[in-house]
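**Q** So the chains spell out like this:
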Amino acid sequence: MAGLSLQGVKKRFGHTEVITGVDLSIADGEFVVFVGPSGCGKSTLLRMIAGLETVSDGRIEIGGRDVTNADPAKRGIAMVFQTYALYPHMSVAANMGFPLEMAGLPQPEIDAKVAEAAKILHLEPFLKRKPRELSGGQRQRVAIGRAIVRKPDVFLFDEPLSNLDAELRVQMRIEIARLHQQLKSTMIYVTHDQVEAMTLASRIVVLKAGRIEQVGAPLDLYENPDNMFVAGFIGSPRMNFVPVTVVSQGDGFAVVAAAEVGLREVSVAVRGEPPVVGTRGVLGVRPEHFASGGDACFEGTVSVVERLGGLTYVHASLSDKSALTVESRDPRGFDLGTTRRFAFDPRRAFLFDGTGQRL
Amino acid sequence: MKRTLPQSLALYAGLAVIVLLIGLPFWWVMSGSIKLPREIISRVPTMVPQSFTLQHFEKLLQSTDFPAYLVNSLLVALFSTVFTIALALPTAYAFFRMKFPGRAALYRLILVAYAFPTVVVLIPIYGLFARFGLIDTRASLVIVNIAFALPFSIWMMRSFLASVPRDIEEAAIVDGAPPRVILLRIMAPLIAPGIASVAIFTFIASWTEYLFASVLIVSDARRTIPVGFAGIIGQYQIDWGLLLAGATLATIPVVILFAFVGRWFVTGLTEGAVK
Ligand SMILES: Nc1ncnc2c1ncn2[C@@H]1O[C@H](COP(=O)(O)OP(=O)(O)OP(=O)(O)O)[C@@H](O)[C@H]1O
Ligand SMILES: [Mg+2]
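Chain order of the listed sequences is X and Z.
Oh and the first sequence: position 207 is 207 in this note's numbering, straight run, nothing missing.
Oh and the second sequence: position 98 is 1098 in this note's numbering, straight run, nothing missing.
None of these hints come from the bench; they were simulated from the model.
One should not assume that every hint holds.
If we take Cβ atoms under 8 Å as the criterion, some of the chain Z residues that face chain X in the derived model are [as the list claims (entries may be wrong)]: (1) P1165; (2) D1167; (3) I1168; (4) G1176; (5) A1177; (6) P1189; (7) L1190.
Keeping only pairs whose Cα atoms sit at most 30 Å apart, straight-line, the calculated DSBU-like set for lysine-lysine is [said to hold, decoys possible]: (8) X:K74 <-> Z:K1099; (9) X:K130 <-> X:K113; (10) X:K113 <-> X:K151; (11) Z:K1099 <-> X:K10; (12) X:K119 <-> X:K10; (13) X:K128 <-> X:K151.
Quick list of the computed label-pair ranges, beta carbon to beta carbon [as the list claims (entries may be wrong)]: (14) Z:I1022 <-> X:I120: 54 to 62 Å; (15) X:R129 <-> Z:Y1114: 54 to 62 Å; (16) X:A166 <-> Z:A1162: 29 to 37 Å; (17) Z:A1162 <-> X:I120: 19 to 27 Å; (18) X:E116 <-> Z:R1097: 32 to 40 Å; (19) Z:A1105 <-> X:G272: 58 to 66 Å; (20) Z:A1162 <-> X:E306: 45 to 53 Å; (21) Z:A1105 <-> X:R129: 43 to 51 Å.
All C-beta atoms, glycine included, are put in the ideal place defined by N, C-alpha and C.
Just chain X, with the same shape it has in the complex (with noise of 0.2 Å):
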């Protein structure tokens, strides 16, 4: 068991900078999620903590040991690929005994640990199989069997549920949950699906462009993002974001209005020093944040109504050509092609001034 710290951390391939200094540090048993669009260095990152890929600049430790050079296997690592990348050619025993074999174990002691692995995953009776023999599930569970045999300080996942199906992916979602609270490890975890995120970390890193966005507790990057990127990134369906202007500011808020769009003043809370009277900003709502009654709405024409049953996902244009998403409990009264207000609760809102920073 062991906590790991990343101090200044960059890589590059060739002159281009994919990781652009990255400092974190993660205690001993946390779940750390990365989440960040494609090709914002997720992976990369995960492989330079596993060894995989070199470090261009930066320190690395895990378990106060500096491993920024080490070799992958003297890390006290795993990691589960996003491929399972399992041996083919070994039976599903010998895969996950490989890890063992290799740290020079005797064959009893590792067929006891591979035996243990196995009745975690619900492996026992596939010991004997190949690869080739096993449903996606149930490779993924070997790739996992693989990786928890040889008790690692740290678990690294690189996106590993996502060649699976939607139904098999919450099941695994649930099992990794549950061998979290059992091994009790640190884990870190590569995903770009939100949902993985939200429910399986204690802390998610939301990375962009091979630089840390914000790091928080998934409630708090859904409450109180830093930044645009981080409110758009986190809830689904994404939040609203709809330009305004400052008509009036006073102590911890401003009150904004979009005249164009129906918005008349309304007062929202800001964190730091209010914005002055006259600048421009964008106001973001979430579409679960939106309720009929009070004074803040939005008008807009109803474009399309997705009705899922117990939620109803509205989409609107506003007359500024913006786009909103507005989510009802009540599927009835929205017909296509009407104008029609949408009230939000203004205490749920932010804003962000014209870079994209929270206000």
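Given chain X, put chain Z with the ligands in place with the hints provided.
**A** Same frame as chain X, but now just chain Z with the ligands:
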């Protein structure tokens, strides 16, 4: 995929042509080897043997040195094949995975071995082997065969290595396997078709090699089949029955090799590894 009837017919017709083209000469040689001399040289050739005799095989095995040539050929071809694989595999892996200065240049350079006509290198090699006392040894043939098979084998194996998903290798690295173990326990089984191809290529090249065998080997007892057999057939008069029997026996090891190695040519070896 469903084929229409004309498509199927065309396919089978094409197959039949290929089978005849390749199979007919074989059938001619093998069936001829058990015909009586009279039938072999008869004016109207017979596709199905009308007579049966083992006299050609008897003569070949009892009153010529053919058995010795067969053993020599087998030894030379087997050792050439085994050493070629043993050398090509780690070399190809090094070219594929290790980073060292001049790697790309060196990798291209090894193909220069094929740039010269063999006759050109014959004399320098003879001189070299004479100095090391290797003339008239079967080892000299093994060395020559390896030298000629190696560059191609390295290229071949490298491309097979490149087809193994990188993740599998990285998983082995994380699992703590040193390069030697990764090569032998993980990569080698996964590129079995590549190893089989190299084995067959080297074996056949060694089995049929004539030029060096005719120059480097002096004593009759150390000859390989291509050279030794040419001597048996005779210079002025050709014993057709003997020729066909010898040709038949000479193909048998190759056929056995294909049967033995063929099972490694299975596709989808990495199936189930990724995805
Ligand atoms: N070996 C490499 N050489 C050059 N560039 C690379 C290499 N590996 C990754 N990159 C680049 O680094 C950036 C980050 O890649 P990375 O694979 O870490 O992204 P990711 O966040 O994992 O994306 P995804 O969600 O699609 O898996 C990308 O722009 C990619 O093109
Ligand atoms: Mg990735």
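**Q** Give a verdict on every hint.
**A** Results of checking the hints against the structure:
1. P1165: Status holds, d = 7 Å.
2. D1167: Nearest chain X Cβ about 4 Å off; hint holds.
3. I1168: For Z:I1168, the interface hint holds, since the closest Cβ of chain X sits about 5 Å away, which is under 8 Å.
4. G1176: Status holds, d = 3 Å.
5. A1177: With a closest approach of 5 Å, the Z:A1177 hint holds.
6. P1189: holds (4 Å)
7. L1190: holds (7 Å)
8. X:K74 <-> Z:K1099: holds (22 Å)
9. X:K130 <-> X:K113: holds (19 Å)
10. X:K113 <-> X:K151: holds (10 Å)
11. Z:K1099 <-> X:K10: Measuring from Cα to Cα gives roughly 22 Å; hence the hint holds.
12. X:K119 <-> X:K10: violated (40 Å)
13. X:K128 <-> X:K151: It holds: about 22 Å lies between the C-alpha atoms, which stays within 30 Å.
14. Z:I1022 <-> X:I120: 54 to 62 Å: For Z:I1022 and X:I120 the Cβ distance comes to about 56 Å; the hint holds.
15. X:R129 <-> Z:Y1114: 54 to 62 Å: violated (45 Å)
16. X:A166 <-> Z:A1162: 29 to 37 Å: holds (34 Å)
17. Z:A1162 <-> X:I120: 19 to 27 Å: The hint (19 to 27 Å, Cβ to Cβ) is violated, given that Z:A1162 and X:I120 are roughly 36 Å apart.
18. X:E116 <-> Z:R1097: 32 to 40 Å: Given about 34 Å between the Cβ atoms, the range holds.
19. Z:A1105 <-> X:G272: 58 to 66 Å: holds (60 Å)
20. Z:A1162 <-> X:E306: 45 to 53 Å: holds (46 Å)
21. Z:A1105 <-> X:R129: 43 to 51 Å: Holds: the Cβ-Cβ distance is about 46 Å, inside 43 to 51 Å.
Hints 12, 15, 17, counting from the list given before, are not met by this structure.
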